[in-house]
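A.B. asks: Chain by chain, the residues:
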Amino acid sequence: MPKTISLTVNGKAYSGEVEPRTLLAHFLRDSLRLTGTHLGCVVGRCGACTILWNGTPVKSCMIFAVQAAGDEIVTVEGLAQDKRLHPLQEAFWKNDAVECGYCTPGMLMSAYGLLSKSSKPTEEQIKKAISGNLCRCTGYGNIVAAIKDAAVNFTK
Amino acid sequence: MNFPIHPPIGERVRRKETLRFVTGTGRFVDDLLPPGTLHVSFVRSTCAHARIKAIDVEAARAMPGVRAVFTGKDIAQHVKPLRVGGSSVLRPVKLYPLAVDKVRYFGEPLAVVVADNRYLAEDAVDTVAVDYERLPVVVDPETAMEPGAPAVHEDAGSNIVYKYHFATDGIDKVFQDAEVVIKERIRSHRITACPIEPRAYLAHYNKDEDSLTMWSATANPHSLKGRIADVLSFPEGKIRVIAPDVGGSFGLKIQTYQEELLLPYISRELGLPIKWCETRVEHMRNGRHGRDQIHYIEIALKKDGTMLGIKDKIIADMGSTYTVDHSIMAAALYMTGVYQIQNYAVDAFGVSTNKTTHGSLRGIGKADASYVLERLVDIVARELKLDPIDIRLRNFIPADAFPYRNATGALYDSGQYHLAMKRTAEMVGYDRLRKEQTELRKKGVYRGIGVALVMEPTSSSRIHATGGYASCRLRIDPSGAATVFSSMGEQGQGHETTLAQIVASQTGIPFDKITVIHGDTLPTPYGFGTGSSRSSVVLMPSAWVAGKLMRDKLLGIAARQLGVAPEKLEIGDGKVFAKENQEQSVAVMEIIRTAYGAIHLLPENMEPGLEVTGYFINPNINYTPDDKGRMNTFSSYPYAAVIAVVDVDVETGMIKIVKYTTVHDCGNMINPQIVDTQQQGSIMQGIGAALYEELRYDDDGQLLSSTLMDYRLPSAEEVPELALEHIITPNPFTPLGAKGAGETGMLGPPPALCNAVEDALSPLGVKVRETPLTPDRVLDLIEKAQAKSAHA
Numbered sequence: 001m002p003k004t005i006s007l008t009v010n011g012k013a014y015s016g017e018v019e020p021r022t023l024l025a026h027f028l029r030d031s032l033r034l035t036g037t038h039l040g041c042v043v044g045r046c047g048a049c050t051i052l053w054n055g056t057p058v059k060s061c062m063i064f065a066v067q068a069a070g071d072e073i074v075t076v077e078g079l080a081q082d083k084r085l086h087p088l089q090e091a092f093w094k095n096d097a098v099e100c101g102y103c104t105p106g107m108l109m110s111a112y113g114l115l116s117k118s119s120k121p122t123e124e125q126i127k128k129a130i131s132g133n134l135c136r137c138t139g140y141g142n143i144v145a146a147i148k149d150a151a152v153n154f155t156k
Numbered sequence: 001m002n003f004p005i006h007p008p009i010g011e012r013v014r015r016k017e018t019l020r021f022v023t024g025t026g027r028f029v030d031d032l033l034p035p036g037t038l039h040v041s042f043v044r045s046t047c048a049h050a051r052i053k054a055i056d057v058e059a060a061r062a063m064p065g066v067r068a069v070f071t072g073k074d075i076a077q078h079v080k081p082l083r084v085g086g087s088s089v090l091r092p093v094k095l096y097p098l099a100v101d102k103v104r105y106f107g108e109p110l111a112v113v114v115a116d117n118r119y120l121a122e123d124a125v126d127t128v129a130v131d132y133e134r135l136p137v138v139v140d141p142e143t144a145m146e147p148g149a150p151a152v153h154e155d156a157g158s159n160i161v162y163k164y165h166f167a168t169d170g171i172d173k174v175f176q177d178a179e180v181v182i183k184e185r186i187r188s189h190r191i192t193a194c195p196i197e198p199r200a201y202l203a204h205y206n207k208d209e210d211s212l213t214m215w216s217a218t219a220n221p222h223s224l225k226g227r228i229a230d231v232l233s234f235p236e237g238k239i240r241v242i243a244p245d246v247g248g249s250f251g252l253k254i255q256t257y258q259e260e261l262l263l264p265y266i267s268r269e270l271g272l273p274i275k276w277c278e279t280r281v282e283h284m285r286n287g288r289h290g291r292d293q294i295h296y297i298e299i300a301l302k303k304d305g306t307m308l309g310i311k312d313k314i315i316a317d318m319g320s321t322y323t324v325d326h327s328i329m330a331a332a333l334y335m336t337g338v339y340q341i342q343n344y345a346v347d348a349f350g351v352s353t354n355k356t357t358h359g360s361l362r363g364i365g366k367a368d369a370s371y372v373l374e375r376l377v378d379i380v381a382r383e384l385k386l387d388p389i390d391i392r393l394r395n396f397i398p399a400d401a402f403p404y405r406n407a408t409g410a411l412y413d414s415g416q417y418h419l420a421m422k423r424t425a426e427m428v429g430y431d432r433l434r435k436e437q438t439e440l441r442k443k444g445v446y447r448g449i450g451v452a453l454v455m456e457p458t459s460s461s462r463i464h465a466t467g468g469y470a471s472c473r474l475r476i477d478p479s480g481a482a483t484v485f486s487s488m489g490e491q492g493q494g495h496e497t498t499l500a501q502i503v504a505s506q507t508g509i510p511f512d513k514i515t516v517i518h519g520d521t522l523p524t525p526y527g528f529g530t531g532s533s534r535s536s537v538v539l540m541p542s543a544w545v546a547g548k549l550m551r552d553k554l555l556g557i558a559a560r561q562l563g564v565a566p567e568k569l570e571i572g573d574g575k576v577f578a579k580e581n582q583e584q585s586v587a588v589m590e591i592i593r594t595a596y597g598a599i600h601l602l603p604e605n606m607e608p609g610l611e612v613t614g615y616f617i618n619p620n621i622n623y624t625p626d627d628k629g630r631m632n633t634f635s636s637y638p639y640a641a642v643i644a645v646v647d648v649d650v651e652t653g654m655i656k657i658v659k660y661t662t663v664h665d666c667g668n669m670i671n672p673q674i675v676d677t678q679q680q681g682s683i684m685q686g687i688g689a690a691l692y693e694e695l696r697y698d699d700d701g702q703l704l705s706s707t708l709m710d711y712r713l714p715s716a717e718e719v720p721e722l723a724l725e726h727i728i729t730p731n732p733f734t735p736l737g738a739k740g741a742g743e744t745g746m747l748g749p750p751p752a753l754c755n756a757v758e759d760a761l762s763p764l765g766v767k768v769r770e771t772p773l774t775p776d777r778v779l780d781l782i783e784k785a786q787a788k789s790a791h792a
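Keeping their order, the protein sequence lines are chains F and S. Per my numbering, residue 1 is the first one in the first sequence, and the count goes up by one each step. Per my numbering, residue 1 is the first one in the second sequence, and the count goes up by one each step.
Okay, chain F solo, but in the shape it has when bound:
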């Protein structure tokens, strides 16, 4: 039986009906049509679907939408404010940390989670924070550089 849930996504309140088995990732993409959150494996390994769940990066293919009822979600669409790029987005662009762009949203959200807790992460900490986000194009070097770069101007 469908259940009605309410939650906040990117600062905006939503409510809707979902089947209990609907993954949060599918709810965000198919019901709310926030398609920036991508799916690459649906078993929690590739990290393309990473979002912030009450401030913590999680893989949205690993939780059901009903589990997020009443909670606060931030997706990649919520990073830029007033059409101005977030420093992380700017840094990814400047450091050429993107090729095909499929892993990028998840990568940004993991990086956001790291930088909101640690203002001057070491290279090892950055690599660890994104080790659950797979990228097949860039070889990660520019992504790590971008996150390091963004740490300087990071604001939540």
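Check each hint, because a few of them may be wrong.
[Stated by the list, open to error] Straight-line C-alpha distance at most 27 Å; calculated DSSO-like pairs for lysine-lysine:
| no. | chain 1 | residue 1 | chain 2 | residue 2 |
| --- | --- | --- | --- | --- |
| 1 | S | Lys385 | S | Lys659 |
| 2 | S | Lys385 | S | Lys302 |
| 3 | S | Lys656 | F | Lys148 |
| 4 | F | Lys156 | F | Lys128 |
| 5 | S | Lys659 | F | Lys128 |
| 6 | F | Lys94 | F | Lys117 |
| 7 | S | Lys313 | S | Lys628 |
| 8 | S | Lys548 | S | Lys568 |
| 9 | F | Lys12 | F | Lys117 |
| 10 | S | Lys80 | S | Lys94 |
| 11 | F | Lys94 | S | Lys16 |
| 12 | F | Lys127 | S | Lys659 |
| 13 | S | Lys442 | S | Lys385 |
| 14 | S | Lys767 | S | Lys784 |
| 15 | S | Lys513 | F | Lys94 |
| 16 | S | Lys163 | S | Lys183 |
| 17 | F | Lys128 | F | Lys94 |
| 18 | S | Lys442 | S | Lys788 |
| 19 | F | Lys127 | F | Lys117 |
| 20 | F | Lys83 | F | Lys117 |
| 21 | F | Lys94 | F | Lys83 |
| 22 | S | Lys767 | S | Lys302 |
| 23 | S | Lys659 | F | Lys120 |
| 24 | S | Lys513 | F | Lys83 |
| 25 | F | Lys127 | S | Lys656 |
| 26 | S | Lys659 | F | Lys148 |
| 27 | S | Lys302 | S | Lys422 |
| 28 | S | Lys238 | S | Lys80 |
| 29 | S | Lys568 | S | Lys579 |
| 30 | S | Lys183 | S | Lys784 |
| 31 | S | Lys767 | S | Lys443 |
| 32 | S | Lys435 | S | Lys385 |
| 33 | F | Lys83 | S | Lys16 |
| 34 | S | Lys16 | F | Lys148 |
| 35 | F | Lys128 | S | Lys656 |
| 36 | S | Lys303 | S | Lys313 |
Keep in mind the hints are simulated off the structure, nothing from the lab.
Since the structure of chain F is provided, determine the placement of chain S on it from the hints.
C.D. replies: The following block gives chain S in isolation, referenced to the frame of chain F:
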């Protein structure tokens, strides 16, 4: 040759496309959801080889939300089988979108459920019962070649489906007379590209228009359009294929898949949009696999290490239903690599087995060739007690021998192998490294230094398969903005930026005012898929040609208005001006207005408007063999020298890459930033191939590594210290001097790391012949070597 490299060509311009990806506004196939879309899920074979006795879909048809179910038999009489390509094909076979009478590999689609959403479709798939009559399975390609082996395709008569032979005169005599002959069996193991976006398709047949639109995560939209037309007997002019943003390909998405041909059929039957997004498990089981060649290779030498000849027998495991032979040909024509060896013979066999179809993968065939050869050279060096760099320097094709024709007729455009190798050695401090290695060994540290120089034939030109050209249509609008319609799609290569750089350089239209349209067959001119690193070799030159045509037209119009000859004019700052008197000028906008609206002012015989099409054809291609069987099917030959330093923990089998140093030559770079990033990714993919990734089958043909848990892609934590430099030897055959840039990186790690590990473990007598070098395998190799030395 002078190359017209004017800004912004050659600059590290920020990529246009990145903006939409960092904001989450890219548009991939799975992001599209037209009203009324139905979703499909596949019933897939749980056997590697079986006759289909019956499929019971009645329960599935009755499930909630299910709109239709189709089996192979249901559709076989309504579609044509897919054609098989390649010059070395012996026995074409029939391939249908769904298996008809029998299944030939684990995971082959044999029925499909169409439902209101993906959850309901998957529920229904679970209720389908398939009655199989199991057949003997053949997994090993050498077994498959034997007479009496289980036949994968009965009507083919043999599992050997491709065959190629080449030999230079007197090759046997070379081997008889040689001072040294060394033979090895070396295998490149089976891997897959694994882009982060799996395959995804959305077909929409419009009943009112009797037309079909297919959104596909394909790297080859124009070819796909032709295949859909062929298989469905539907007019090609009524089909539009759109590859929107595509999340990586690495060769995998350049080929046409069973599911990709099935969705248009279902959509036409039901008159509704039909969508399928592959799961990762399906991707591992059904996406094309790559590598997996066995080479029985022998080399004839002088005692001093001078190479005289190579003989090779190649057995390529093509999986169940092969569609191309590029992997065989790209290896067989290049087994002499970067060395001056004019005596060569090869017998290559493409063999059908009960595995997933083999196909394109970054470095197809050429990666196998360079891996096997660079391993062999190292083995030879160890045997002859020569330094691995010295033996290479002794045998490299010298810089002044280019363009160089190898024994099979391949024409290498340019190269400075000696310089690249020496510079790499200098970067790492090679002599000091060797001394450190000796010291560390005394302390029980197993440090190894691995050397390789890998060469990558790029921009393949095969008859009826890949084409040898690309095209770009260029339009300057009345508003003064320009649009480039590219014949090739992109999957992360940055064409929206590089094509705009070229057009801006030629026409003076500002970079920010240039839009690149790609991947959509309706507005773009015909072209072949984004593969074989051909973007920089043929696509970029085609934009250069289009830009040049446009430039000539702008200058021609200005010449008449100014009364100055076109060759005396220059474009800059939004104006066309006389080189000798810059005051004498006309605004580019004025020229544009003239071209569209004041055509009585155009030079005589000039067509109105500002729209041109540029073609670039791969130069120096010999499509058909000469009387001795020689041909050249690739047009540029980038390469990279590599020195990898590793420490091997002999207790755990873990390999730590201490440093990976490489010098790469892809000729002139249109955007060095894009090349660098792509090179880093390519190297990481090669590291994955060498150390972590392997598609393993058991004897029953079940794939054992079908998730990202057991098929391990490198993560950020596996990134070693990388040192990357370029040397630039421009390709003399293309107007921009560029060679292919996307694949060479991936070729380096497998030979360099295996050579390094063998070097590290040489005190233990370890021989590396099997890969990937996972900790388990390394421990096993050490154990084997110790058991051997205990017996000795």
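A.B. asks: Could you check the structure against the hints above and give me the numbers of any it violates, in ascending order?
C.D. replies: No hint contradicted; all consistent.
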